[in-house]
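Asks: Heads up: the protein sequence lines correspond to chains L and W, in order.
When we follow this note's numbering, the leftmost residue of the first sequence carries the number 768, and every step to the right adds one.
When we follow this note's numbering, the leftmost residue of the second sequence carries the number 768, and every step to the right adds one.
Rather than coming from a laboratory, the hints here were simulated on the basis of the structure.
Treat each hint with caution, since some may be false.
You can't tell identical chains apart in this list, so a pair holds if it fits in one copy or across any two.
[Said to hold, decoys possible] Derived lysine-lysine pairs resembling BS3-like cross-links, with alpha carbons at most 30 Å apart:
1. K1023 x K919
2. K1142 x K1053
3. K810 x K1023
4. K1053 x K1113
5. K1114 x K919
6. K921 x K1188
7. K1142 x K1023
8. K810 x K1053
9. K829 x K1114
10. K810 x K1113
11. K1113 x K1142
12. K829 x K1113
Protein chains: 2
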Amino acid sequence: MSDSTISRRTFLKVSGAIGSVGAAPVFSARGQTSSEETEVTAKLARYIVDSRWSDVPDSARKEATRSVLNWVGCALGGSQEPSAVNALEALSEFSGPRVASILGRRERLDILHASLLNGITSHVLDFDDTHLDTIIHPAGPVAPALLALAEKQKVIGAEFLHAFILGVETECRIGKAVYPWHYDQGYHITGTAGVFGAAAASGKILGLDARQMTWAIGIAATQSAGLREMFGTMCKSFHPGRAAQNGLTAALLASKNFTSSEHSLEATRGFANTMSAEHDFTHVTKGLGETFEVERNTYKPFACGIVIHPIIDGCVQLRNEHGLEPSDITRVELRVNPLVLELTGKKTPSTGLEGKFSVFHSAAVAFVRGSAGQKEYTDDAVRDRTIVAVRDRVSATVDPAVREEEAYVSVTLEDGRTIDKHVEHAIGSLERPMTDTDLEAKFRGQAEGVLSGARTRRLIELCWGVSSIDDAGDIARDAVPA
Amino acid sequence: MSDSTISRRTFLKVSGAIGSVGAAPVFSARGQTSSEETEVTAKLARYIVDSRWSDVPDSARKEATRSVLNWVGCALGGSQEPSAVNALEALSEFSGPRVASILGRRERLDILHASLLNGITSHVLDFDDTHLDTIIHPAGPVAPALLALAEKQKVIGAEFLHAFILGVETECRIGKAVYPWHYDQGYHITGTAGVFGAAAASGKILGLDARQMTWAIGIAATQSAGLREMFGTMCKSFHPGRAAQNGLTAALLASKNFTSSEHSLEATRGFANTMSAEHDFTHVTKGLGETFEVERNTYKPFACGIVIHPIIDGCVQLRNEHGLEPSDITRVELRVNPLVLELTGKKTPSTGLEGKFSVFHSAAVAFVRGSAGQKEYTDDAVRDRTIVAVRDRVSATVDPAVREEEAYVSVTLEDGRTIDKHVEHAIGSLERPMTDTDLEAKFRGQAEGVLSGARTRRLIELCWGVSSIDDAGDIARDAVPA
């Protein structure tokens, strides 16, 4: 780079003339986008502001309700994790008015800090929901902000669910516009796109007008952050938490006319151009109000990576269909996609965490316990004699002809018979969604040891009825130990 | 993209196996960096932790003191701006214990919110310091976090200044490693690199060990945010404010063992690879403790873009050398680099903000008032009859042979004489730094109308003596109206 290049750049930038006040259009950084891309942010903001509850079809309301139920369960399940404990220890002393709950815990925090904590707990076990088209975990950034707001001011259930649906719509559409490039580049999209969802949902509750909503989106854009390098550390679940907190902050600021760019998504130096190698804004603007991304949300039945789910599913089915006991099983042979062993080939896991990377342990718990929830991935579980005994009888061969969604399980029984199962799509996929009963069972497993049985039942009822309850804040208030 | 590509990607990512627990090195996303790049974060963290006050040369202490003084003045100068007022209105109700001051104001906030507010006020007028090699405004993200901490716990002046120097070192070195690519891509580097400075400085005060310091840097990295598209809106000054607040949060979390990646700068999906097209880590690791970036900090004498500074400087010099009165001036001819008219060619500004984009107005105030501070860029100033009269006599011609740092001013006087001035480097450049007396005068101008004269004098003294004062928090406590 020549000196004159440095000099020119320095002058252009240090001058402050490029943008520091930037009112004059002649200095605008924009203008390189095609005509159909110039009002992306404004169109989205207008949609969020104009959307009415009566415009939202039953199918979206239903799936949103399932998402909320699943999210509340995940927040309970992760509520005692060290990530939450350490964050609380670090930040609780700075809390403002403690009007908001941390689901599953007795401490209370101001609504901004509560958003952070509930975002952390709901994602920390990687057991929350997944929007497969973008691999965003949609509820994590949106629900905590909304629920905290609902504890501060009265929000009726329908209003809450409506804002939740719009938040999910916003983050998933923006995510789709930059996926996969943005993710491949290294961004944790649940954080970077999630902040928009939290801002939109919070802004809807706060009653922002269209211009304020563009500011809220802009203030979210300029806080969009989160690196995939953090995977494997406490910062991974920090991402949806911070996205919730920052999105809520964005909406609060916008409500007091704290300004931002009104073209934050599409501008030359806006979100998409700066943070993604490519983008397609039709995902943001096309069919707004006609389709609902929340309907494409999925929920994990098993507390491990999705790559093992078809296998666990097959093992559980065989166990239940044939009433298998561990002692009935002589040999288990798995035929799987190569990725399975590449990612989860650990033969003898010694910790619960390692168990998540063992297809052998996962198959064993499926046979022994008929499930693969949190409790099947503890240090105790991987050392359990019965589980270890079955695990040692499991072998796996890879077959590139087996799709990643697919698995073949073959069990040789003590009596010499062989039984087989072919799974085309695992339970929890879009093709075979978890039933409401499945989701309830998952919820109860996550609430165990956190809430009493009676409280858990009442909370489940409250979640199913969210669209008609009088005060959405009750969900948070009822999700803490008595 | 083929279906199988989608599917594989989805599986790899949704599985959680890539990183969601990610403890097993076999799944590590790293390993593509060359050997000298593998311990960048750790080396920097080790340096910050090990650095002792006695290792810091006088030259760095002196320039850091000047930086602190300049920053305090800027925070006072911006303290009444709408950006600060609106942010306060939106967020004050969520404040925790109100132990920290907002410089120039009577409200108090918890240390996290105070960091945000003081970051906003100190940058909102674009009158703060500039590290020319990276165009980072170094004090904005660092000083607010440190000063807030110093109001919560006793921090002696030397410790404060030491942490400030290390914070500036951290943000500027990281900034240099990714400049200009990162900036050109659209990131506002004062926000994106500044968060590292705030984390390092705060972490030094909190006494983090080396591992915790790598976490603090990592938690900063995963919050690194800020888009240039926000220039011209309230979000521009939000960036250093949020960087201060987020960096302080990072250090607080790390102090309670909230973990992050320990390779956040250099990892394949870490800060540099994700957020910059290119990077050079030698800027981070080479000569640590031998050179000090704070010594390359500069301060603006004039409250407008640097591109006009040589011209203002020349006009002020002619005015003072010849005792010029407005009525003496018949014609002013400027010969300037083409950028000057490109960026600041507004002939008849109608607002103070537009005045910053008018080389004509800027030359006029230099002749009429002998300065170009905040008060020269108000709505009143651009309408002032005397100033307008001089402005109308100013013409400018561009000449590519004139360097950007340079200007030629020629004045034809009422008596027919012509006087000339050639400025090679404007006051405020590294080549012609503002003197301590200049900095004091700038400070007084910024404090006017905010603090009493007596309080201003005492505060200036306190800043000059920062390295030997007993309690750095006194700077904040003394920087509010009595």
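Asks: Now tell me, hint by hint, if it's right for this structure.
Replies: Status of each hint after checking the structure:
{"no.": "1", "hint": "K1023 x K919", "in the structure": "both (17 Å within a copy, 29 Å between copies)"}
{"no.": "2", "hint": "K1142 x K1053", "in the structure": "neither (43 Å within a copy, 49 Å between copies)"}
{"no.": "3", "hint": "K810 x K1023", "in the structure": "within (21 Å within a copy, 43 Å between copies)"}
{"no.": "4", "hint": "K1053 x K1113", "in the structure": "neither (44 Å within a copy, 40 Å between copies)"}
{"no.": "5", "hint": "K1114 x K919", "in the structure": "neither (50 Å within a copy, 51 Å between copies)"}
{"no.": "6", "hint": "K921 x K1188", "in the structure": "neither (51 Å within a copy, 68 Å between copies)"}
{"no.": "7", "hint": "K1142 x K1023", "in the structure": "between (46 Å within a copy, 27 Å between copies)"}
{"no.": "8", "hint": "K810 x K1053", "in the structure": "within (10 Å within a copy, 48 Å between copies)"}
{"no.": "9", "hint": "K829 x K1114", "in the structure": "neither (41 Å within a copy, 61 Å between copies)"}
{"no.": "10", "hint": "K810 x K1113", "in the structure": "neither (49 Å within a copy, 33 Å between copies)"}
{"no.": "11", "hint": "K1113 x K1142", "in the structure": "within (19 Å within a copy, 69 Å between copies)"}
{"no.": "12", "hint": "K829 x K1113", "in the structure": "neither (39 Å within a copy, 57 Å between copies)"}
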